[in-house]
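Number of protein chains: 4
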Amino acid sequence: MTSKEIMNRFQKKYKNVARMLIACPDQPGIVAAISRFLYEKGANILQSDQFSQDPEGGMFFMRIEFYLQDLDNKLDQLRDAFSLVGEKFLMNWRITSASKPKKMVIFVSKEDHCLNEILWQWKAGDLNTDISMVISNHEDLRATVEQMGIPYHYIPVTKDTKEQAEAEQRRLMEGNVDFIVLARYMQILSPYFVEHYPNRVINIHHSFLPAFVGGKPYDRAYERGVKIIGATAHYVTDELDAGPIIEQDVTRVSHRDTVDELKREGRHIERIVLARGVKWHLEDRILVHKNKTVVFV
Amino acid sequence: MTSKEIMNRFQKKYKNVARMLIACPDQPGIVAAISRFLYEKGANILQSDQFSQDPEGGMFFMRIEFYLQDLDNKLDQLRDAFSLVGEKFLMNWRITSASKPKKMVIFVSKEDHCLNEILWQWKAGDLNTDISMVISNHEDLRATVEQMGIPYHYIPVTKDTKEQAEAEQRRLMEGNVDFIVLARYMQILSPYFVEHYPNRVINIHHSFLPAFVGGKPYDRAYERGVKIIGATAHYVTDELDAGPIIEQDVTRVSHRDTVDELKREGRHIERIVLARGVKWHLEDRILVHKNKTVVFV
Amino acid sequence: MTSKEIMNRFQKKYKNVARMLIACPDQPGIVAAISRFLYEKGANILQSDQFSQDPEGGMFFMRIEFYLQDLDNKLDQLRDAFSLVGEKFLMNWRITSASKPKKMVIFVSKEDHCLNEILWQWKAGDLNTDISMVISNHEDLRATVEQMGIPYHYIPVTKDTKEQAEAEQRRLMEGNVDFIVLARYMQILSPYFVEHYPNRVINIHHSFLPAFVGGKPYDRAYERGVKIIGATAHYVTDELDAGPIIEQDVTRVSHRDTVDELKREGRHIERIVLARGVKWHLEDRILVHKNKTVVFV
Amino acid sequence: MTSKEIMNRFQKKYKNVARMLIACPDQPGIVAAISRFLYEKGANILQSDQFSQDPEGGMFFMRIEFYLQDLDNKLDQLRDAFSLVGEKFLMNWRITSASKPKKMVIFVSKEDHCLNEILWQWKAGDLNTDISMVISNHEDLRATVEQMGIPYHYIPVTKDTKEQAEAEQRRLMEGNVDFIVLARYMQILSPYFVEHYPNRVINIHHSFLPAFVGGKPYDRAYERGVKIIGATAHYVTDELDAGPIIEQDVTRVSHRDTVDELKREGRHIERIVLARGVKWHLEDRILVHKNKTVVFV
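Residue numbers (the numbering used here), protein chains in the order written: chain A, 13 to 309; chain B, 13 to 309; chain C, 13 to 309; chain D, 13 to 309.
With the rest of the complex left out, here is chain A (with noise of 0.2 Å):
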């Protein structure tokens, strides 16, 4: 499909379809006061997940797609007028459009087989997302995005010209990224950048974690003899490997398999643990709470 065909087929299957996303402490009435809300604004609920942490004092959350005719005309009304519910609750809450694409800037390095899913899946018309650009550190993946008509930043950088490097991508970025997809992007980013994009940085990591956190999981992994390699999709915080993990998966390995087998293996996890989290990130599937992630799917 072309980018205009895929918006559109989303235009068309999320037409009037709204998400709602709540987390707040729990107590009586929440759901009869958002359900109530829904319905006297005339809204259909389709989907609805809710979670209690713990019956007594723990948190709630909650995910519900709603129908509302004429959606795109009454979304900030609607936003307006639940501000008074959300405040009543304590809650942390937003309302978005289902068919309304979210921007996503992939960063790479050299590696391309998490970039090909995301970019097969895309085509294939799974993805509600406008790819507003790729960010890379290395050429090498220059002519596969641009032959898509996405648009290729080519930001080297070295230990001295990081701050400068990161101050050029978010420039780059600004007005055009909802969040950033880090598809074997192979520095770290700094503190710095990473408080701008809280929860809206997605990274792969290589291994099952926790184990193996850090560089060359693959060769730990052989040097540990296991008999399973994992994947990692995980939000991006200041502690190294230590984000909000998203989605994990595996698959068995044997003695046979050398390191290079390990990553040929493992590159097959990591592409479609990624892709699974990217997913529901553009489906507002994930609530975070303190380091956890809630994913209704």
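Some hints here could point you the wrong way.
Claimed, not checked - Just a few of them, taken from the derived set where beta-carbon distance is under 7 Å, the chain C residues facing chain D:
#1 P37
#2 P40
#3 N56
#4 Q62
Unchecked claim - Taking lysine-lysine pairs in the BS3-like style, the calculated list, with each CA pair at most 30 Å apart, reads:
#5 B/K25 - D/K114
#6 A/K53 - A/K100
#7 B/K122 - B/K16
#8 D/K53 - B/K275
#9 C/K228 - C/K122
#10 C/K228 - B/K302
#11 B/K135 - B/K122
#12 B/K275 - D/K275
#13 C/K53 - D/K53
#14 C/K53 - A/K275
Everything labelled a hint here was simulated from the structure, so no lab data went into it.
Idealized CB from N, CA, C, for every residue including glycine.
Add chains B, C and D to chain A, keeping to what the hints say.
Positioned in the frame of chain A, the structure of chains B, C and D alone reads:
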């Protein structure tokens, strides 16, 4: 744990917790009506799962766990009051006390692995059930069952005596059964028997349905040379191995596995899949609609 | 990687490495005869897998990877010499050079996921193959294929023109094919065509065979309400979807998944399963006996 | 089955079957030497698995199952004869009779799931072992064990009495143990104890190692918010949870799962993984080299 300890465990764990299950034609306002009802009755929603089959004109399914002070004394009155909501929306609904154990009858023949798994999970305090008896067409497993203090009834079945055997089974169970588990019971129940317990007889079929319906699935799996075998827990209907599927799982096999090894590996899958189905049934997680299940896990 | 780089990669990786595949009636002394033969010829066994179907009177299967200095010049003579051993034990055997790429022809229709996976794994240097052409009954995927420098042949097929279309296909492939991959080719090949390529046509069927043989497996899986879907790579025989199974894999689904979502999830399984089957075929890991496979992995 | 029936089952199944395990530096001619040796002794190879770590200068590992008429009377003489081959190739080797049950001692504390699984698989006739005793630092599981006719020894352990407790354990096992299974034994064995049973103590760790080494892995998995939990069977060495990994497996969890539910789900993985490790050990499928295992399955 003793049966008394198990009962106490769930009395405590689920004190004042009820579950509501609903299936009805979808339309706006259902969630609002239900949640307002619960709020007005003083109930606090602990957990809510909802699924609408199709935005336009499909079915609506919901499972709610809620907390209500002094539940036991209010349950009947709650049901009465809810029946008005139920009528308005043409609901098929039920409200159950989560702490009240369901009465289970287990049917077995000679193989013990599924029976043992259920007994073990029950003793471990994982299944909120009252196992009222085990019925078998063989004497083999009497000791296993009786040493746990559970009554064991031997009712042999031949082609000629099937009708009276089933009559005897029904007589024994009368008043003592909420649902039946066929834990590798190697007899086919008559339609007449089955219709007494609609969506209340759980069978484990030792294949990945709809592959290998009927007898000797492992022999046929070996013959076909499949690379994965599986098991299926389903509700029993008139049509052999064609009832609503509750759960399935699989395991990898290879050319090295003989029929005996498929059977051995298969036993591990069978018992896990059956136990999962039983647990979900006990926790009121399963709704049946048109020969398919909605399972809220 | 370019095609040339891929070829060089395997030339280097597998320099002087050969593979021997053997199937014969079991009897004492086979391994001794083979390994003495190889030892006397100066070969060093790198990897050896063996499987005897049944101690008494069954079949014997073996796969050996061995290193032999100056292999290319000695291969013919090695085969000649081994034919005596082969005759003595009534072996069905072959010896191949591991570095020599097999010629693959890919058949596709409109769906691109299986084709893309194979092309991507090939470009990543994971598949030692020479893709001599892609044949399609549609024009849709021409650009994808040609931009990789692979010839694309459009041969439309209707009920009336099938015979001549197949004749044309065979003519195009003559001398350019070691095996054929049906990467979601939505036409049934005639028995006449199939018999030209015994155990050399790999198909991906989009179900967990033998469940859902034939058309529209995802629609039927949805209808049946299965909790797991799968895909099967198999060699094509005269009987539809009944050839020797090479590989299968599955993924979990739920009542929430529509037919479209089963198809989307299924695509991930299909491409991984097909690519695995293709890789094993390329690495001479598969032996076929009586409609079943022995796969040495 | 009774213990006598189990023993008879394996006496019959493995009559005249032996297993040979070999590890040595790789070089040409090893397979030829071994297979010629067996052929000349009149043995028929039933199953052979081989693995060379690295074509140039690595290690060679092999497992052979062979049939030899009148094995029991010839075994000693066979070993004597093979020692020449072993010396020539600097082999670490052993030849065992497949029908002879290994003597297993099980260590437990209070949790019964791993113990029960092993007992159940043993009673089902799946494990060729002679369970000589169960040793525990608690009295809880005495009845479970004794009702199967297995001796149960209660040896309490405190920080102060550990040395003498271990001395007592070793005294009890003397002459009655081929290997030890720690079936959730919640004590750390001293290096002095461990060195008496090199690669002969199998532990089940309730996490996916190397994640969550040490205590309370489920609490820490919950805290970290992982999406998959696992278990690891490994040989015990001096370093805590760092010995050679035999087997691992995992299961998916979600934000809904409390620590208790992780523990409950984890128990299913633990018992399956441990039982698999025990079975492979019993079947001489495991070779240990430099803190890693080669597992021929």
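- Message: A closest beta-carbon separation below 7 Å is what the hint needs, so does C/N56 meet it against chain D?
- Response: holds (4 Å)
- Item | Pair hint outcome, C/K53 versus D/K53 [Cα-Cα no greater than 30 Å] | At roughly 24 Å apart (the allowed maximum being 30 Å), D/K53 and C/K53 satisfy the hint.
- Quickly compare the C-alpha distance for A/K53 and A/K100 to 30 Å and report which way the hint goes. holds (18 Å)
- Task: Decide if the proposed pair is consistent with the structure: C/K228 and C/K122, CA atoms, cutoff 30 Å inclusive.
- Result: Distance of about 16 Å is within 30 Å: holds.
- Given hint C/P37 near chain D, where the shortest CB pair must fall under 7 Å: This interface hint is violated because 13 Å lies over the 7 Å limit.
- Taking 30 Å as the top limit, are the C-alpha atoms of B/K135 and B/K122 close enough? Measuring from Cα to Cα gives roughly 21 Å; hence the hint holds.
- Message: What's the verdict on B/K275 and D/K275, does the C-alpha distance respect the 30 Å limit or exceed it?
- Response: holds (28 Å)
- Given the hint that D/K53 pairs with B/K275, does the C-alpha gap stay at or below 30 Å? violated (35 Å)
- Agreement of B/K25 and D/K114 with the hint, judged by alpha carbon distance not exceeding 30 Å: violated (44 Å)
- Query: Can C/Q62 be said to touch chain D, with a Cβ gap under 7 Å?
  - Reply: holds (4 Å)
- Task: Would you mind confirming whether the straight-line C-alpha gap from C/K53 to A/K275 stays at or under 30 Å?
- Result: It is violated: about 35 Å lies between the C-alpha atoms, which goes past 30 Å.
- Message: Does B/K16 sit within 30 Å of B/K122, going by the straight-line distance between their CA atoms?
- Response: Cα-Cα ~28 Å, so holds.
The structure shown violates the earlier hints numbered 1, 5, 8, 14.
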